[in-house]
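So the sequences go chain by chain: X and P.
Each residue of the first sequence is one higher than the one before, counting from 505 in the numbering used here.
Each residue of the second sequence is one higher than the one before, counting from 8 in the numbering used here.
If you're looking for bench data, these hints aren't it; they were derived computationally from the structure.
Mixed in with the good hints, there may be bad ones.
[As the list claims (entries may be wrong)] Looking from chain P toward chain X, a few residues come up when the C-beta cut is under 10 Å (computed): (1) Leu13; (2) Leu14; (3) Tyr156; (4) Ala160; (5) Ser163; (6) Leu172; (7) Leu174; (8) Val181; (9) Ala184; (10) Pro202; (11) Leu206; (12) Tyr214; (13) Phe221.
For glycine and all other residues, C-beta sits at the position ideal for the given N, C-alpha and C.
Each chain is listed here by its residues.
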Amino acid sequence: MESKGYRWSRRAVGFVALLLVAATVVLGLWITPPDVVQGQLVRLIYVHPPVAWVAYLAYGVTSICSVLYLWKRTRNLKWDLLAASSAEVGVIFTGLTLITGSIWGRPAWGVWWTWDARLTTTALLFVLYLGYLALRRVPADNHQRAVRSAIAGLIAFIDVPIVHQSVVWWRTLHQSATVLNATLSPKIHGEMAMTLLLGFIAFTFVYVWMLMHRYQIADMEQSVLDVELEQLIEERQREPETYSDQTVLTQDVDQIDQPSKV
Amino acid sequence: MWRDALLIAAKDLKIELRSKVTMNQILPFAFVVLIVFAFALDTSPGTLAKVAPGLFWLAVLFSSVFGVDRAVAIETNDSAGEGLLAYGVDPGGIFLGKVISVFVQLFLLEIFLLLGVVVLYGPKIGGLPLMAISAFFATLGLCAAGVTYSQLASASRAKQTLLPLLLVPVASPVLLAGTKAWQDAFSTAASLGDPWLRLLIVFAVVYLALGAIFFGSILEG
Chain X
505 MESKGYRWSR RAVGFVALLL VAATVVLGLW ITPPDVVQGQ LVRLIYVHPP VAWVAYLAYG
565 VTSICSVLYL WKRTRNLKWD LLAASSAEVG VIFTGLTLIT GSIWGRPAWG VWWTWDARLT
625 TTALLFVLYL GYLALRRVPA DNHQRAVRSA IAGLIAFIDV PIVHQSVVWW RTLHQSATVL
685 NATLSPKIHG EMAMTLLLGF IAFTFVYVWM LMHRYQIADM EQSVLDVELE QLIEERQREP
745 ETYSDQTVLT QDVDQIDQPS KV
Chain P
8 MWRDALLIAA KDLKIELRSK VTMNQILPFA FVVLIVFAFA LDTSPGTLAK VAPGLFWLAV
68 LFSSVFGVDR AVAIETNDSA GEGLLAYGVD PGGIFLGKVI SVFVQLFLLE IFLLLGVVVL
128 YGPKIGGLPL MAISAFFATL GLCAAGVTYS QLASASRAKQ TLLPLLLVPV ASPVLLAGTK
188 AWQDAFSTAA SLGDPWLRLL IVFAVVYLAL GAIFFGSILE G
């Protein structure tokens, strides 16, 4: 069951997330000026990179939780549920990254999609984690599912740099990193940079809030399954009084012992 | 572990020699893929020759899905894999044995497929050392990742659809790097220091290591 402390912290995170997103919307749409080159289109920058960051953060959390489950000292089903919850939120944010990127790409590049390194990596990442979620739906006992998912989650994360490097060599058109570049010197200034930073913080809070919710649901689903399993075991234990397996067995043996009339 | 790996590989290859699934089913499938690619593209010799490396590796990727699925199905049917573990066979050995067996089959398939590509698409073949070495590591990487994912998906009733969904995005660097390495090999600038070849080596090493580490947990899990 959800503890009171957990419920209140979830609500507090949700409230902060709401405030920060609202502040990002106000700053992004009304306070910040349009860009000299990109015009109003620049306003999408307050959403698109933060959403992409959250997708990577979510997959990072999935990987860490997967390692924690695989490591026998820290093995706990809660890590598996957290990994799954984070991956699910990550897939949603990867989808949002692709959609917001396309919305920006159409007026900026003239196409909805271009075979750029980061776009291609993100699209593959999306499918990779959809596969992870599909694997999770394979019927299995808790431990088996958790081990298999943890390995799949970890391998997927290790695969990301290889996929990225291959598509970077393949072709690169994308705008280079604006804030997290090699010298860590942001190329944008003042309120635009502040709004972008606020966007990163706001969407990180949204992620934490969604993760807490999703984890709660996963935990409750697990509890329901456990209760159902206990009920089934109890029913099975009561069965010998009504069914007599022994009688059936004895009859079978009797039939076998009797010589065939044919 | 190596002894177990060789035993498993020999067993699987013997099964293939008797059942001939790769030769009778997967190889013809790969040829059909080569033919239908020509339907989808312009059939003029110049176009097909230009895209020949990519189409070759795409056909290999599709074939590898069937190959690894078959290799793992041998052990999952009738819980034979559990029997192997009960006999004390090293899980890493089972993994490597499966990889060696699928590798041998897939490499032979690639030789036949290359003949098909030469006849049907007419590319100018060149840079044989780079072609052969990149094919070696690309196939090794495909087999290592494929056997790992095939075992992961083996518990699913829908593994035929789950496996491609898991494997194809993961193996996409092999498709890309294999294609580019062969394009470089066909051009005049063929050299064994090709960056795509390095990527194929990294992929193969990473997935061999991951498979050898985790295969036991997947089998027992």
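Consistency of the hints with the structure:
{"no.": "1", "hint": "Leu13", "verdict": "violated, 25 Å"}
{"no.": "2", "hint": "Leu14", "verdict": "violated, 25 Å"}
{"no.": "3", "hint": "Tyr156", "verdict": "holds, 8 Å"}
{"no.": "4", "hint": "Ala160", "verdict": "holds, 7 Å"}
{"no.": "5", "hint": "Ser163", "verdict": "holds, 4 Å"}
{"no.": "6", "hint": "Leu172", "verdict": "holds, 5 Å"}
{"no.": "7", "hint": "Leu174", "verdict": "holds, 8 Å"}
{"no.": "8", "hint": "Val181", "verdict": "holds, 9 Å"}
{"no.": "9", "hint": "Ala184", "verdict": "holds, 6 Å"}
{"no.": "10", "hint": "Pro202", "verdict": "holds, 7 Å"}
{"no.": "11", "hint": "Leu206", "verdict": "holds, 6 Å"}
{"no.": "12", "hint": "Tyr214", "verdict": "holds, 8 Å"}
{"no.": "13", "hint": "Phe221", "verdict": "holds, 5 Å"}
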